[in-house]
Every structure is written in structure tokens, then in C-alpha cells.
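2 protein chains.
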Amino acid sequence: MENSQVVLRARPKGMVDDSVTELVSSSRPLCGVDEALIRVGILSIDPTIRTWMDDAPGYLPPIEVGGVIRSSGAGVVVESRSERYKVGDIVVGLTGWQEWCIASRSNVFSVLPSGMGLDLPTVMNVLGSTGLTAYFGLLEVGSFSAGDVVVVSGAAGATGSIVGQIAKARGAKRVVGIAGGPEKCREVVEEYGFDECLDYREPKLSRRLRAACPDGVDLYFDNVGGEILDDVLLSLAMNGRVVLCGAISQYNSQEIVGLKNTFMLIMRRGRMQGFIIFDFAARFAEAQIALAQLVLSGEVVHHEHLVKGLAAAPSALNLLFTGGNHGKTLVVVDDTVVLQ
Amino acid sequence: MENSQVVLRARPKGMVDDSVTELVSSSRPLCGVDEALIRVGILSIDPTIRTWMDDAPGYLPPIEVGGVIRSSGAGVVVESRSERYKVGDIVVGLTGWQEWCIASRSNVFSVLPSGMGLDLPTVMNVLGSTGLTAYFGLLEVGSFSAGDVVVVSGAAGATGSIVGQIAKARGAKRVVGIAGGPEKCREVVEEYGFDECLDYREPKLSRRLRAACPDGVDLYFDNVGGEILDDVLLSLAMNGRVVLCGAISQYNSQEIVGLKNTFMLIMRRGRMQGFIIFDFAARFAEAQIALAQLVLSGEVVHHEHLVKGLAAAPSALNLLFTGGNHGKTLVVVDDTVVLQ
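Which chain is which? The protein sequence lines are A and B, in order. Just add 15 to wherever you are in the first sequence, counting from 1, and you've got our numbering. Just add 15 to wherever you are in the second sequence, counting from 1, and you've got our numbering.
Wrong hints could be hidden among the right ones.
Chain copies aren't distinguished; within one or between two, either way the pair holds.
SDA-like mimics (lysine to any residue), calculated; alpha carbons at most 20 Å apart, straight line [stated by the list, open to error]:
hint, residue 1, residue 2
1, K275, Q265
2, K28, G47
3, K275, R65
4, K275, D70
5, K188, E301
6, K183, R65
7, K275, L249
8, K219, P72
Don't read these hints as lab results, they were simulated from the structure.
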């Protein structure tokens, strides 16, 4: 009984290539007492996976060399020796990049309620870490309030597109996106309903931001870090808030871009704050109900970019950094699970 | 009737030299309706004055070329046509670097209560912007609570030394200073009662900080910015707070040091926040009572570095950046006022 797995062969320098990961065949894990055996159906491809590959301080320990790549995912319970799971349940948790995994006391998987009216890719996107990150980052960490001028980078991305739409739905005065290239910028405005979207590949971003937000930026949701973050700091409004969600521009780079404009936090009495979605775990259910309502009402439009087959997971991760994806990137490991 | 003034002749590049300021003689201002004429006694020499000399975005407009250098100070009311002031009152406000000034409706000066038992230099230090900055920065912006591990840069300086002493008085678990040179470090520990003080001129500050705060830094009060701030970020504890008070290491430099470690704000769910003391103006009286009690009880030890004569104000400002001062730098314009 085989279990295909993608393991970390060497720590990456820059993008993930063939020297970094390897597809190996292991034996299917055995289901112990208080455990369940999960057939993995789908993987959530998140930028944070790239940070786990580095031997650097993080909110979770680095993936060990030789170990399975850590990842969120969903699957179906095939065998259960736990009261928590029954055969046929769809569960979500840290599956890793593999075909089979074990749900145990130490890596609690949550069981999806049935009859939500949302398919599994939508759940993995809007109700998964992507949507939850957007929800708590904007509303809690960013202390969003109606009337705010909101700027979102990575605006065409899975998280960014949801952030902007929640802000619009909750009464933002103005939502401005930042994305790469005219096509993505058009999508951000036409599809996700942002008021404007600036192309960071064009010159003079900081000047264009000033024109787009003449009264300053009340809340900046930062998905990218680096020079774009530095540019937005220059437009911070009084008591402006910068939500540090990720720094995707920096994850593959060997030379970190230093922030030069943090003095604006003094000038504008601003706040820059990081967060990790796990900190809000106790409130996930509340957020998922709100997010499901936003999807069902049509206020949050979403896209999933489905990549077929476990073997394609490393290249799917790279799509996040090249911008080659359209919406939330998910790897379908077993489509019979996804179609259940 | 003359009025000696120090005016801005040209915007500085780096330290203030003879080409930047000029001592000129003007005529003494006339006291209009609702105004008072003030004989300036003492000037508060603050790092922020250097930022006002630049043509850069700030929390107040830049000092105009040709204008009197903006500065806090204290003086005595010599003539009054306002109900707010009576002749003989000692008042504090934005006097500017000059011998005489006008208190009006637009630049309200506050009258010092008499009988406080504190001399004017002490008032200008601990009850002035220095002590207020330490008080609100630590307790409000930094959300200090008893049991915190606190790190303070510029620890031998006027603000830093008060921050550490308030933290000790309010029950910090540990207070670690950062200062320049062995003599200042010794002073921070022996005189101001910090638990330890690290010399930033010695190598490997980030490693020494980790050793000094093995459980991480709950609250960092940053007076200096630049590389020291970047080093402390690496030691941030979970939910750590960075209070941006000033960036004295950067004010004279043409090339800003970029912060590379702000990713730690994500990893540690940290917060970095700037402030300007004027934001707390409505609560100054409350803080001044608390600060006066800390001085009278001996819990806050303080030093004033008195420089004689208005003409010495520019070189007194430079002392803040060379570290040539000892405690709060004040310029005595007229010592008959100070001795009143």
C-alpha cells in the first residue's frame, strides 16, 4: 500500500527547483488508537510554505530536510479509530504534500459540516486560511472601520482580492489595489470591484499612490513587503495602520530590501503589526459563517486555480511568486475526493 | 530694544555647522491685545529640532529658511495684555531660540504652578516633553505591564534614562539599556538602576541582546532607529511592542539605514508604533503629577546638562548626536529667570 509524498531534499536558494524537492514513495501510514486515516484530496498552496523550507526563525519550526512538505489540505476519512471522525467525513488540516495522512490528537483536523452549499475548492479558499487571513487581518489587526481608505497589495491574489471585497462590503470609503501588470489590475477593478488598481511594475508607485489616496491611507494590508511597503508608508494617513500579512516579494530573495520609511510611523502616529492566523483559531467558526454569507450573497467573488496531481505541487508553489496563477492555487491530489 | 535670535540660514546636510544657523539681532516684539511678552530664560534642546530643519514631511512644518529656530523653552512674563498671564508668571511653550517672545492665543503657553518644590531645569526635563515622552511612550503606546522585559536605547539620554526608571518603578521584570561606550553603560546601571546595559559600539549586539533577554523583549523603547532597532527586532518576544520615539541615529545621515527584520513582527505577532507627545496633551497634567512624585520619591534620578548662552544653542544641539551631553541638554538664555 503506497503513499506518494513530496519531501524536502535540500533547502532552497530562491525559487524551488528539482534540487529542492523530491517525489518519493513511502508506505501508507497505519491508523493507531484515537487516530484516523485520511485520503488527501486537495492541497492549499500558500506562500508561507516557502518560508517553512528555510532554516530561519518562524512561527513554526522549519520543515526538516528529508521530511514531507508541510501544507494545509483536505481529505476524506477512510478509516477511523477516533470518536472525532467517522468514515466519509471531509476534514481539513495540515495534511502535508502526500496522498495519505493521519489525523491524531496532536494535529487536530476539523470536520467540515455538510450541506453548506459550497464546493471543496471554495471552502479551501474563502473559508480556509486565505479567507480567514483576509477577515481577521482587515477587521481585527487592521482595526478596519467604515469610511477607511484601504490599500491592498497582491490585490489580484487569493488573500488580497478577498480583503478588498470585505472592505467594500463593510463600507470602506475607497479601496485601492496594487498588482503586477495591466491584466491583473483590470481584473482587480472589474471582477473584484476595487475602486482603482495600481500596477507596481510601472514607475513612480509612491507618486501614483499619493494621487490615488490624496487624503492618505488609513489601512494598508501588506502581502508583499519590500519596496512596495516602503512606498505605501509614505502615504500613511494620521493614525494609519499597516497590517503585515506576508512579504512574498522577499521569500525567494537572498538580499532583503530594507525599509527606509518607517519614520512615517512616527510622523503619522502609525502602527505596523504582524499576525498569524492561528492566533484567531478560537474565532474561526464565527468568521467562516460571515465569509460563507459574503460568498452566497455575491459580495465576495473568488477564483480557484486548480493544478492536477501531487507531483505538480512544487511548480504550483512557484506560481505564487511568478504571478502565473489566477486566484487561489490548489493542488488536486485525488479528484474523487474533491467531487464528493 | 534688542532681541537676539538664532535663525536658520540654510538647511543642514548632516550636523549643524556655522553655515546652517546665524545669530542675528532683531527688535523686541510688541505685546498686542490678548498677548504677553516673555523674557526667555531656558531652552529645551531636543533631537526633534534637527528634523524641523529639514525640508521633509513632518508632524510640524519645516522651519522656514530665515526663520527663528523652533524650540520649547520657558520664560517669565514681563508684560501682559491677556487674562491668562500675569507679570511674573513662569510659562512654558514654544519660545524659539531667542531672548524674547510673545505668548498669544495661537501658541498657548502654560503657566507653571508655583510651590512644586522642583527647580526650573528639573521641570523642563522630567515634567517637560522629555519626561512626558518617556511616560506616555512606555505606558500608553507601549502598553507596558508589570512583568515585562523592557529594552531602551539611548539609555543614558534624557528620555531613555527616565523610561527605564519608570519601568523599574512600575514592576518590569527586567530593564536592559543600550548606550554608547563603557562609561555611559556604567552610568545607566549604577545611576539609573537598569539591570544591565549593552554598549552598541561593541560588536555582535544582536547576540548580546539574546543573552541579556533569553525570553525575548516584550517592549522596546526605540530612541535611535537604524541598525540597533533592526537588531532588537530579532529578539522580539511573542506579542512584543516596539515604541518608535525617535531615530536619532538617522537625523544627520544622508543615507537612511533600511530595516531588514520587520518580518519578525509577523513571526512574533509584534506591533511597531510611532507617536508624538502632543497627541497626549489633554493628559499632561496627570502625567506631570505622577512624574513629580517619582522625582520627589527618588525613584527617578535625573541630570540636566546646562549650556550657557543663546549663541551656544547650535553646538548644544550637536551634543545630542555626538553623545557629548550628560542628561537633559538645556540652554540657559537668562539665568536670572532660571533662578527665580
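Can you tell me if K188 and E301 fall within 20 Å by alpha carbon in one copy, between copies, both or neither? For K188 and E301, neither the intra-copy (25 Å) nor the inter-copy (37 Å) Cα distance is at most 20 Å.
Checking an output row: K28 and G47, CA cutoff 20 Å. Within, between, both or neither? neither (38 Å within a copy, 71 Å between copies)
Give the relationship of K219 and P72 under a CA distance limit of 20 Å: within one copy only, between copies only, both, or neither. This pair counts as between: shortest inter-copy Cα distance 18 Å, intra-copy 34 Å.
Is the C-alpha distance from K275 to D70 at most 20 Å within one copy, between copies, in both cases, or in neither? For K275 and D70, only the inter-copy Cα distance (17 Å) is at most 20 Å; the intra-copy one is 26 Å.
Go through the copies and call it for K275 and L249: within, between, both or neither, with a Cα cutoff of 20 Å. both (10 Å within a copy, 18 Å between copies)
Regarding K183 and R65, is the shortest C-alpha distance of 20 Å or less found within a copy, between copies, in both, or in neither? neither (31 Å within a copy, 42 Å between copies)
How do K275 and R65 come out at 20 Å by Cα distance, when the copy is not named: within, between, both, or neither? between (25 Å within a copy, 18 Å between copies)
Which holds for K275 with Q265 at a C-alpha limit of 20 Å: within a copy, between copies, both or neither? Result: close both inside a copy and across copies, 16 Å intra and 10 Å inter.
When held up to the earlier numbered hints, the structure conflicts with 2, 5, 6 and fits the remainder.
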